[in-house]
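> Taken in sequence, the protein lines are chains A and B.
With the first letter of the first sequence counted as 1, position 71 gets the number 62 in our numbering; the numbers rise by one all the way through.
Quick note: to get our numbering, add 191 to the position in the second sequence (first position is 1).
Treat the hints with care, as some may be off.
Ranges of calculated distance between the beta carbons of each label pair, as one might list FRET restraints [said to hold, decoys possible]:
no. : chain 1 : residue 1 : chain 2 : residue 2 : range
1   : A       : Asp0      : B       : Lys333    : 52 to 58 Å
2   : A       : Gly144    : B       : Arg285    : 49 to 55 Å
3   : B       : Ala325    : A       : Trp(-1)   : 41 to 47 Å
4   : A       : Trp(-1)   : B       : Ile262    : 23 to 29 Å
5   : A       : Val115    : B       : Val455    : 46 to 52 Å
6   : A       : Leu32     : B       : Asn329    : 51 to 57 Å
7   : B       : Leu213    : A       : Thr103    : 24 to 30 Å
8   : B       : Trp203    : A       : Gly144    : 53 to 59 Å
9   : B       : Ile262    : A       : Met150    : 49 to 55 Å
Looking from chain A toward chain B, a few residues come up when the C-beta cut is under 8 Å (computed) [unchecked claim]:
no. : residue
10  : Glu186
11  : Tyr187
12  : Ala190
13  : Ala191
14  : Val193
15  : Val196
16  : Pro198
17  : Ala199
18  : Leu286
19  : Arg287
20  : Asn291
With a Cα cut of at most 25 Å, we get these calculated SDA-like pairs of lysine to any residue [said to hold, decoys possible]:
no. : chain 1 : residue 1 : chain 2 : residue 2
21  : A       : Lys185    : B       : Arg222
22  : A       : Lys185    : B       : Thr318
23  : B       : Lys210    : A       : Ser1
24  : A       : Lys185    : B       : Gly470
25  : B       : Lys347    : A       : Ser203
26  : B       : Lys333    : A       : Gly195
27  : B       : Lys343    : A       : Phe258
28  : B       : Lys437    : A       : Arg111
29  : B       : Lys347    : A       : Leu290
30  : B       : Lys347    : A       : Arg111
Please keep in mind that the hints were generated in silico from the structure rather than gathered at the bench.
Just so you know, these numbers come straight off a predicted model, no measurement behind them.
In this text, a Cβ means the ideal position worked out from N, Cα and C, and glycines have one as well.
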Amino acid sequence: MNSFARAWDSDIAYSFRRSPVAILATLVSLAIILPAIFAPLLAPYDPFNPASLNLMDGFTPPGEPNAFTGNVFLLGTDNQGRDILSAILYGARISLFVGFSAVLFGMVLGITLGLLAGWRGGWVDSLLMRIADVQMSFPSILIALLIFGVARGFIPQDMREELAIWVLIVSIGLSEWVPFARVVRGSTMVEKNKEYVQAARVIGVHPARIVSTHILPNVLGPVLVIATIHLALAIIAEATLSFLGVGVPPTQPSLGTLIRIGQGFLFSGEWWILLFPAVTLLALALSVNLLGDWLRDALNPRLR
Amino acid sequence: MSEALIRVENLWRRFDVSKPWLNRVIEREERQFLTAVADVNFEIRKGETFALVGESGSGKSTIAKMVVGLIPASSGRILFDGTPMTGTVGADMRAIRRRFQMIFQDPFASLNPRWHVGDIIAEPIHTFGLASGADAANQVGKLLDTVGLSAKDAEKYPHEFSGGQRQRIAIARALSSRPEFIVCDEPTSALDVSVQAQILNLMRDLQDELGLTYLFISHDLSVVRHMANRIGVLYLGRLVEVSEGKSLFRQPQHPYTRMLLDAVPDLAMSGRRRKPVEGEIPNPINPPSGCAFHPRCPVAMDRCKVEAPKDRDTPIGRAACFALEMQPA
């Protein structure tokens, strides 16, 4: 049996094929993620190039020709004549990049600290888990705001713009390491007392090697589920920060930035500037979240 | 029987079972210690199987873990071929570690579920740098053959095997560093009775073939009778009797040993009335005064409540009981 046939026959693939929600969520996610990745090839305009913008195109309603220029934009334009469709494609790209990177950063940090706390126990464990408790008692968006603000204070003025996206990734990542660390810590404490770990200790395998080769592969299962659910949270966190005006710089608008721009025109009748980015964000966050829920249930042996 | 490979001298192990510091301060409690192993002395001679038997909580597994260095002793010494296990570090310790191995109770927990069987068995080979590449794979194949599996099984995962087969894999891993001494912590108690005999016979064959020395931990007296040259009986962390294997079953010396043997189920249906072991093992945090066995002992005297008996020689070994001093040896 080749590897594709084996994957097709696995429990998880079976559960996937039986779940319409999971299939639909995958299709919706892919319908947003793939165009976002290939935005430079697909987008009809370059929304970040000021030279290509024509202010006369501003406020063109979706699908109708502009009153002055006669240009047609599928999803309309914003106040500066930017094509909303192109802006959404590029914006989703930034949202997804920040979301993935932040989850990756938070995951690596959380797994490392969780392994450390679970393996060492004692005061290391107490210290890390009390820090986690304190952090969990604040909303994570507040933590991200705080870290973002403090980090900006340390960065010289002229580098802020180009570093902003990395600062954002680190802030969101730092605000979301706790669930990873807690789950990994718990599993590590279970695994480290199992006899296969003792067998490695009897022959004197170095602790760092035991943790990385024996324990790590056995605690990663639940981490995958948390990572998927937190991807949706990270995308929303990025959108929230950008909506509040502290996220990515205005020259690189993410979905959150577009929504902020759009909500200024909602009551003057230009609804499309807000609606289309908001629907994209909603569809993306919802489908990733549903995928995470499905994955959690599919990997839970008690629900099979 | 030649000289001692393992010598255990005045071995103690106390576990701190106190509540957290804050609770102790608030509830005004003292620190609490559980004495799992108290002043145990024995030696294991080269090429023999030394068995430790006892009820749950008697400290069998704790001794096994201390012998292989998984947990440190509170006091006392363990000498491996004359070298103390504590205080030896670096290359010397590596050299000693290569010479002993352990087989665990639960073959479902003792093999890493994410590793190929071949990698599991090769781990000691790689750790001690005994071989690498194709040479190591070759050795793994031979080991699998030795324990009655196929060399092709190296590519499979542990979950593809039954309990007995997994225990064979664990034995192959234990053999891979070519050790002289193997600690077996209840190696058959998680297996079906029909498979137990196969594993035990495999272990005996390997012992004859490779000249292995076993420390065999078990609560199953019939298994011990099959395997052991000499038997140590543990009660509440104290070694109450050490005797030659066959003789122990014929003429147990210590009253606790007698009690254990009386409780063994009798498949021959000889009509012998089984006497259940009376009472339960006392709380090791607060052990009885004097001889730890006196609350359950049928022949206890007043002296047993105050004074702890010392080891004395018996016709078949040694035992710690005042009643034995009364009768002529």
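> Hint by hint, say whether it matches the structure.
Status of each hint after checking the structure:
no.: 1; hint: A:Asp0 with B:Lys333: 52 to 58 Å; in the structure: violated (34 Å)
no.: 2; hint: A:Gly144 with B:Arg285: 49 to 55 Å; in the structure: holds (51 Å)
no.: 3; hint: B:Ala325 with A:Trp(-1): 41 to 47 Å; in the structure: violated (34 Å)
no.: 4; hint: A:Trp(-1) with B:Ile262: 23 to 29 Å; in the structure: violated (47 Å)
no.: 5; hint: A:Val115 with B:Val455: 46 to 52 Å; in the structure: holds (48 Å)
no.: 6; hint: A:Leu32 with B:Asn329: 51 to 57 Å; in the structure: holds (53 Å)
no.: 7; hint: B:Leu213 with A:Thr103: 24 to 30 Å; in the structure: holds (29 Å)
no.: 8; hint: B:Trp203 with A:Gly144: 53 to 59 Å; in the structure: holds (58 Å)
no.: 9; hint: B:Ile262 with A:Met150: 49 to 55 Å; in the structure: holds (53 Å)
no.: 10; hint: Glu186; in the structure: holds (4 Å)
no.: 11; hint: Tyr187; in the structure: holds (4 Å)
no.: 12; hint: Ala190; in the structure: holds (6 Å)
no.: 13; hint: Ala191; in the structure: holds (7 Å)
no.: 14; hint: Val193; in the structure: holds (5 Å)
no.: 15; hint: Val196; in the structure: holds (6 Å)
no.: 16; hint: Pro198; in the structure: violated (13 Å)
no.: 17; hint: Ala199; in the structure: violated (13 Å)
no.: 18; hint: Leu286; in the structure: violated (19 Å)
no.: 19; hint: Arg287; in the structure: violated (20 Å)
no.: 20; hint: Asn291; in the structure: violated (17 Å)
no.: 21; hint: A:Lys185 with B:Arg222; in the structure: violated (28 Å)
no.: 22; hint: A:Lys185 with B:Thr318; in the structure: holds (20 Å)
no.: 23; hint: B:Lys210 with A:Ser1; in the structure: violated (47 Å)
no.: 24; hint: A:Lys185 with B:Gly470; in the structure: violated (32 Å)
no.: 25; hint: B:Lys347 with A:Ser203; in the structure: holds (21 Å)
no.: 26; hint: B:Lys333 with A:Gly195; in the structure: holds (24 Å)
no.: 27; hint: B:Lys343 with A:Phe258; in the structure: violated (72 Å)
no.: 28; hint: B:Lys437 with A:Arg111; in the structure: violated (46 Å)
no.: 29; hint: B:Lys347 with A:Leu290; in the structure: holds (22 Å)
no.: 30; hint: B:Lys347 with A:Arg111; in the structure: violated (32 Å)
Taken one by one, the earlier hints fail for this structure at numbers 1, 3, 4, 16, 17, 18, 19, 20, 21, 23, 24, 27, 28 and 30, listed in ascending order.
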